[in-house]
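What follows is each chain in one-letter form.
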Amino acid sequence: GAGVSQTPSNKVTEKGKYVELRCDPISGHTALYWYRQSLGQGPEFLIYFQGTGAADDSGLPNDRFFAVRPEGSVSTLKIQRTERGDSAVYLCASSFSGVEVTEAFFGQGTRLTVV
Amino acid sequence: GEDVEQSLFLSVREGDSSVINCTYTDSSSTYLYWYKQEPGAGLQLLTYIFSNMDMKQDQRLTVLLNKKDKHLSLRIADTQTGDSAIYFCAEKEGSQGNLIFGKGTKLSVKP
Numbered sequence: 002g003a004g005v006s007q008t009p010s011n012k013v014t015e016k017g018k019y020v021e022l023r024c025d026p027i028s029g030h031t032a033l034y035w036y037r038q039s040l041g042q043g044p045e046f047l048i049y050f051q052g053t054g055a056a057d058d059s060g061l062p063n064d065r066f067f068a069v070r071p072e073g074s075v076s077t078l079k080i081q082r083t084e085r086g087d088s089a090v091y092l093c094a095s096s097f098s099g100v101e102v103t104e105a106f107f108g109q110g111t112r113l114t115v116v
Numbered sequence: 013g014e015d016v017e018q019s020l021f022l023s024v025r026e027g028d029s030s031v032i033n034c035t036y037t038d039s040s041s042t043y044l045y046w047y048k049q050e051p052g053a054g055l056q057l058l059t060y061i062f063s064n065m066d067m068k069q070d071q072r073l074t075v076l077l078n079k080k081d082k083h084l085s086l087r088i089a090d091t092q093t094g095d096s097a098i099y100f101c102a103e104k105e106g107s108q109g110n111l112i113f114g115k116g117t118k119l120s121v122k123p
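Protein chains in written order, with our numbering: chain A, 2 to 116; chain B, 13 to 123.
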């Protein structure tokens, strides 16, 4: 596709359940980022992939959060034992390279609501 | 750690200029950005400036960078109702390239 695609666009889940959020980056982009945007806040960095490996996962809030990118393209953010505080918009972005390139392109986000 | 601060609200009349201000803490940031977010929409990159520049102009947008004071501003000339949105300032974290965002400034444009 032409842009970064995130699915689903909305997800409502019950507290304690497991969820997976998917990101399809722009073809050829090696760098992929996940951010979380809570209501009234700016996006907060979660994890950065360069190719298949997680180059920096320092933003993941705890061990309930995990992300993979097994073939260096599509990425999945996984949240175990969801809590109401996990409710937020999860944004994915991709770029050709992490450092040298100026622009990362963002997807529309997945709005996660934990009830 | 790195931090980006910006005022939360700005209200202007249509046709006036808007100036949105931002301060950041990481002096090693290579690029600084302005993103626009409309209700229910994703983040749209408006413009960016390289850290060795003082000013960048792009049509109605003017970015000013004071590196000594770590202060960034976005000026929108002839503000229109369609400019109503939340504007985020962001700095690029040096080693990995991820962005550090401010909380956003909500711009309201009154006709």
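Because the hints were derived from the structure by calculation, they are not lab data.
A portion of the hints provided could be inaccurate.
Unchecked claim - Simulated pairs of lysine to any residue, SDA-like, Cα-Cα distance not exceeding 25 Å: (1) A/12 to B/98; (2) B/115 to A/54; (3) B/68 to B/52; (4) B/68 to A/104; (5) A/12 to B/80; (6) B/79 to B/52; (7) A/12 to B/85; (8) B/118 to B/64; (9) B/115 to A/74; (10) B/122 to B/80; (11) B/115 to A/38; (12) B/48 to A/27; (13) B/122 to B/37; (14) B/48 to A/53; (15) B/122 to A/42; (16) B/115 to A/39; (17) B/118 to A/27; (18) B/115 to A/53; (19) B/82 to A/12; (20) B/79 to B/25; (21) B/118 to B/61; (22) B/82 to B/122; (23) B/48 to B/20; (24) B/80 to B/17.
Does the structure keep residue 79 of chain B and residue 25 of chain B at a Cα separation of 25 Å or less?
-> Not OK: residue 79 of chain B and residue 25 of chain B at ~30 Å, beyond 25 Å, violated.
Pairwise hint evaluation, residue 54 of chain A against residue 115 of chain B, where the allowed Cα distance is 25 Å at most = 29 Å, violated
Can the restraint linking residue 122 of chain B and residue 80 of chain B be considered satisfied, given a maximum Cα separation of 25 Å?
-> 34 Å, violated
Is residue 82 of chain B within 25 Å of residue 12 of chain A, Cα to Cα?
-> Roughly 39 Å separates the two Cα atoms, so the pair is violated.
Between residue 82 of chain B and residue 122 of chain B, is the straight-line Cα distance small enough, at 25 Å or below?
-> 31 Å, violated
25 Å limit on alpha-carbon distance, applied to hinted pair residue 12 of chain A and residue 80 of chain B = 44 Å, violated
Quick one, are residue 122 of chain B and residue 42 of chain A close enough, alpha carbons at most 25 Å?
-> Measuring from Cα to Cα gives roughly 24 Å; hence the hint holds.
Given the hint that residue 118 of chain B pairs with residue 27 of chain A, test it: the Cα-Cα distance must not exceed 25 Å.
-> 29 Å, violated
Verify the proposed pairing of residue 122 of chain B with residue 37 of chain B, using a straight-line Cα cut of 25 Å.
-> Distance of about 33 Å is beyond 25 Å: violated.
Restraint status (C-alpha distance of residue 48 of chain B to residue 20 of chain B at most 25 Å) = Roughly 14 Å separates the two Cα atoms, so the pair holds.
Holds or violated: are the alpha carbons of residue 115 of chain B and residue 53 of chain A at most 25 Å from each other?
-> 30 Å, violated
Does the structure keep residue 48 of chain B and residue 53 of chain A at a Cα separation of 25 Å or less?
-> 30 Å, violated
Checked against the numbered hints above, the structure breaks hints 2, 3, 5, 6, 7, 8, 9, 10, 13, 14, 17, 18, 19, 20, 22 and satisfies the rest.
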